[in-house]
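Top line first, the protein sequences correspond to chains A and B. Going letter by letter, the first sequence gives residues 1 to 421 in the working numbering. Going letter by letter, the second sequence gives residues 1001 to 1628 in the working numbering.
Don't take every hint at face value.
Claimed, not checked - Cβ-Cβ distance ranges computed for the label pairs, FRET-style:
| hint | chain 1 | residue 1 | chain 2 | residue 2 | range |
| --- | --- | --- | --- | --- | --- |
| 1 | B | Ile1102 | A | Met248 | 47 to 57 angstroms |
| 2 | B | Lys1324 | A | Leu194 | 55 to 65 angstroms |
| 3 | B | Leu1335 | A | Leu188 | 37 to 47 angstroms |
| 4 | A | Val27 | B | Ile1028 | 29 to 39 angstroms |
Unchecked claim - Far from chain B by the CB rule (all over 10 angstroms, computed), these chain A residues:
| hint | residue |
| --- | --- |
| 5 | Thr19 |
| 6 | Ile72 |
| 7 | Met105 |
| 8 | Ile115 |
| 9 | Ser153 |
| 10 | Ile187 |
| 11 | Leu188 |
| 12 | Phe201 |
| 13 | Gly274 |
| 14 | Ile285 |
| 15 | Arg321 |
| 16 | Met346 |
| 17 | Ile381 |
Claimed, not checked - Below 25 angstroms or equal to it, Euclidean Cα-Cα: the simulated DSS-like pairs (lysine-lysine) are:
| hint | chain 1 | residue 1 | chain 2 | residue 2 |
| --- | --- | --- | --- | --- |
| 18 | A | Lys300 | A | Lys327 |
| 19 | A | Lys92 | B | Lys1516 |
| 20 | B | Lys1144 | B | Lys1116 |
| 21 | A | Lys408 | B | Lys1002 |
| 22 | A | Lys92 | A | Lys5 |
| 23 | A | Lys89 | B | Lys1421 |
| 24 | B | Lys1311 | A | Lys327 |
| 25 | B | Lys1422 | A | Lys88 |
| 26 | A | Lys334 | B | Lys1428 |
| 27 | A | Lys327 | B | Lys1168 |
| 28 | A | Lys245 | B | Lys1168 |
| 29 | B | Lys1116 | A | Lys308 |
| 30 | B | Lys1086 | B | Lys1158 |
| 31 | A | Lys245 | B | Lys1169 |
| 32 | B | Lys1168 | B | Lys1193 |
| 33 | B | Lys1158 | A | Lys88 |
| 34 | B | Lys1158 | A | Lys242 |
| 35 | A | Lys89 | A | Lys190 |
| 36 | B | Lys1158 | B | Lys1144 |
| 37 | B | Lys1451 | A | Lys190 |
| 38 | B | Lys1116 | B | Lys1086 |
| 39 | B | Lys1193 | B | Lys1306 |
| 40 | B | Lys1158 | B | Lys1179 |
Simulated from the structure, these hints should not be mistaken for lab results. Glycine is no exception: its CB is placed at the ideal position from the N, C-alpha and C atoms.
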Amino acid sequence: MKMKKASVFLYLIANIFNTLEIVAGLVLTIFGAVCAIIKPYAVQEIIEGQYTAKYKITQGGLNQMATICLAIGIPMLILSIILMILIKKASKWPRPSVGTNGAVMLIGLLDGDIILVLAGLFTLLARRQDPDMKEEQNHLGLRASRAIGNTFSYIVLAIISVVWILPFVFIVLQSFRTETTSQVGYILPKQWGLDNYLFLFSPDCDFLTWYFNTFIIALACCILQTIMQLMMAYTLSRFRFKLRKPLMNIMLILGMFPGFLTMIVLYQVLKAMGLTQGNAVGGLILVGVASSGMGYYVSKGFFDTVPKSLDEAARIDGATRFQIFYKIILPLAKPIVIYTILTAFMGPWGDFIFARLIAFGDPNGYNVAVGLWSWLSQSMISDYYTRFCAGGVIVAIPVIVIFLFLQKYYVEGVTGGAVKG
Amino acid sequence: MKKSTTILYKIGFILDLVGVLVFLALLITGIVLNNSGSELYFPVTNTAFDGNTLVTSGIIGLVVGLIALLFTHVGMTNARMRPAWKRVQVSALVVSILSGNIFVLIASILAILDAKNYEEKIHIVYKDPLTYLDFYKKERFVFKVTQFFVAIPGFFKKIGIAIGRFFKKLGIGLLNFFKNIGVMFVKGSWKTKVSYFVMGFGNMARRQFLRGLLFLAFEAVFIIYMIFMGASSFSRLTTLGELATVQYLQTVGGIQTPVVKYIDNSFNILLFGVLTIFFVVGLLYTWYLNIQQSYTLDLLQKAEKKIMHDKDDIHALVDQDFYKTLLSLPLIGILVFTILPIFFMVLVAFTNYDKNHFPPTNLFSWVGGSNFQQLFVWSNSGGASFSATFGQILLWTLIWAFFATFTNYFLGMMVAMLINKKGIKLKKLWRTILVFSIAIPQFISLLYVSKMFSSGGLVNIFMRDTFGMTLPFWTDATWARITVIIINIWIGIPYLMLITTGILMNIPADLYESSKIDGASPFQQYMKITLPYMLFVTGPYLLTSFTGNMNNFNVIFLLTGGAPKTGAYYGSAGKTDLLITWLYSLTVDQTNYKLAAVIGILIFVVVAALSLIVYNLIPSTKNEEDFA
């Protein structure tokens, strides 16, 4: 009994070490490969005083590095992968294989790894000692292997989380940096301060105008677009009329044209209406709302799942179609309504394709996306880089807050939309 | 006879194989030559080949050879296994004519002649799917491939029939239209006859004022529009204007100053011309509707039946005709802001609208199909040709769409499975962290990451200060392409994680349990249960996400803006430009509207063709409840 516990425990440790070894081998191999790939971009030979680098990297140095890393990394990787498979078989209770345990012990001996030798030894002994206690052995073995698997999963998940969050942490950190406004090669600011934020709210910066513009557009879009889409989706889901199928086909075909093929026509039309440059807000709302009926797919998919018998029951009770829509379907479709509102609200915050064209040349008509984008142009980036970060943080905060609150509905909408196509 | 067929097929197969190997050798030689920069001298004809020629001919030959090889093999197997199946032999025959393989040609003809001696057993497969289960593995694959190729003619036939049916319907409709106009004029009452000229009269005479006024108003608007804008634009639609500007001298206070007066504006002529066409079609339809309604009212009055009044009309609009109320606004929006502009831009593709022909100072005019002709001209005079650039950008667009779709799909699925794994705690936290990155507007995150990897950005400054070297993330074509794909993974995984999580949970758990009892490993479970299920359910989604990625403007534009730019491309396109970003820069930066329109149409063609083919292939669109 104790023997087996020890064996399971030892294999657990061996497995963790082995996992680490795999990671190390992988890192070394990748590092070596990267060294080999970037070799042509390194300095050919060092001329005194050319770089103020701590480590001066030459092509020869990279060559050496690549050779060493690959020479160690690849065998390490292969060996540890083989070992992983062996360990899995060797620790598989209730029937740990004798052969693999022997092999593990042999590798342990050659490698000088005492844990492996002991683990193999204990397993073999334990196997001989109590061959009948299958229930408990099974339990222990399962728990051990699951623990190993979970540890590995947690490591991967932690790495993923860091990779996904890190750039946003960088943005926030950079927005508090005050020693320079240009790009630098380090992450933690040397001087902290609110200068960048103060600049955004100072009178000689148009940021507040842009923010207000975007907010108006987002508000108008989220109300009007939602109404248009729901009208479209409800009709196509509930009514059967002669032109229904042709209408849906036409909209499918129209959707295959790239969206801003028509950019220039719309620009000219809006210009004739006086809705460009300084008045771009009106133009953007008009264009955003006018064709929004074409995005009815997700909501229609949802309406299709609401049983038709509800409609029929209400009709028998004397409700008109309008009342059915307003009093029965709409409350039931709350998640999809919220999803539509959410996406319609978030869209304008990142829209600059059309906005850039319409508002061209007049900062009063910019939205945040166009405005902040203009700050990163070649000539402005060195003065405005940290301010861009600050602006980005301010833009992102309300959207994130709303989004995280309504996350449930968003997930529902995205999932439903994908499955129904 | 059968024996000779088989032997001929075998010889043909070996010849095909040799051909493929020769072209492979050519391709490799070409690549080697390209790297060393030398040429291959061919003494017999006294010509020299450079690497590019060899690579091109190698690739073309290889593709043709592989297709020929496949068809020869399929033909050979079928001649032996099911000699009655003529269709396969015909396709082998066609391909052998293309590849010029005389042995396969003769063999397939022999097989076709031979076919009538056998019973047509194979057609059972179409009628009884169970026969398919008797096939061995290789046979199934061959069957699927042949079925795909056999289906192609049928596919085109289907489209042809659909088009034919459409025109037949249109013809009958038009015929009825004219016939009914005549019939109703003769048979209708005087009220109907007046309606032919004053729209809505028939309705108003029966106290349907609402309908009548609407008809009348439409007629009035039409007449006013035609007088003030439509007629003049429409009449000049054929030339798009003849005179752009007139210069004359004006005497103001004794000083002569030159004044420019704008006469014809091609843009407005085209726009209002198109609008007029829409208007005329609309008027014809409403005019017909008005006569028809009046005539129906005649009949109703004769039969002394109830006539709908205004109150009934209004009530109908919120009840049985509620759809008309709901659809009117969105459809008008779509008509004016989508259909009309698309129609206009399609027409622009047949003009010379660019910065040298820019109204109001200049006119543009019809040039027919010459913009499309440029696509097929492979001239290298004066720098890069449009056709070559288009080909290369289309290729990169497809490569990008492929990698962007499938890397995200599989990695997203893996992350979802990782989070959903039994025994993993804090599931909600991991999910929220990923969802968090969706919430941040893309232009912030993408622009930030773009600057992070730029030559003066965080990563490269760090690299320079510590290692003394910089990496060409956005300046080297290959680096830029790979970096873009990798960053797109960062963008895309959260969405895919959300989508796949829901579907993964829907997979019946007993499938896993029973397979575990049968001793399946996790990998086998994934390959045999998870993946087929996912592919089945998300088939349509994969298609939309592929076409969506082809048009993924944001990622490319914000990350690279198409950089690195290259002189080898036409119209200052860059190595990471997709068709859609190229269209954007042609429109906004180059003012080359005619080519932008051409590209837009071609994107449509590619997307439509892909969708048609794939929708005909994937199972889940055909039989929705098929998966066990």
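Now for the hints, and whether the structure bears them out:
no.	hint	verdict
1	B:Ile1102 x A:Met248: 47 to 57 angstroms	holds, 51 angstroms
2	B:Lys1324 x A:Leu194: 55 to 65 angstroms	holds, 57 angstroms
3	B:Leu1335 x A:Leu188: 37 to 47 angstroms	violated, 56 angstroms
4	A:Val27 x B:Ile1028: 29 to 39 angstroms	holds, 34 angstroms
5	Thr19	holds, 15 angstroms
6	Ile72	holds, 21 angstroms
7	Met105	holds, 25 angstroms
8	Ile115	holds, 25 angstroms
9	Ser153	violated, 6 angstroms
10	Ile187	violated, 7 angstroms
11	Leu188	holds, 12 angstroms
12	Phe201	holds, 18 angstroms
13	Gly274	holds, 16 angstroms
14	Ile285	holds, 12 angstroms
15	Arg321	violated, 4 angstroms
16	Met346	violated, 7 angstroms
17	Ile381	violated, 7 angstroms
18	A:Lys300 x A:Lys327	holds, 18 angstroms
19	A:Lys92 x B:Lys1516	holds, 16 angstroms
20	B:Lys1144 x B:Lys1116	holds, 24 angstroms
21	A:Lys408 x B:Lys1002	violated, 67 angstroms
22	A:Lys92 x A:Lys5	holds, 13 angstroms
23	A:Lys89 x B:Lys1421	holds, 22 angstroms
24	B:Lys1311 x A:Lys327	holds, 23 angstroms
25	B:Lys1422 x A:Lys88	holds, 19 angstroms
26	A:Lys334 x B:Lys1428	holds, 23 angstroms
27	A:Lys327 x B:Lys1168	violated, 45 angstroms
28	A:Lys245 x B:Lys1168	holds, 19 angstroms
29	B:Lys1116 x A:Lys308	violated, 55 angstroms
30	B:Lys1086 x B:Lys1158	holds, 21 angstroms
31	A:Lys245 x B:Lys1169	holds, 16 angstroms
32	B:Lys1168 x B:Lys1193	violated, 30 angstroms
33	B:Lys1158 x A:Lys88	violated, 56 angstroms
34	B:Lys1158 x A:Lys242	holds, 23 angstroms
35	A:Lys89 x A:Lys190	violated, 53 angstroms
36	B:Lys1158 x B:Lys1144	holds, 20 angstroms
37	B:Lys1451 x A:Lys190	holds, 20 angstroms
38	B:Lys1116 x B:Lys1086	holds, 9 angstroms
39	B:Lys1193 x B:Lys1306	holds, 22 angstroms
40	B:Lys1158 x B:Lys1179	violated, 31 angstroms
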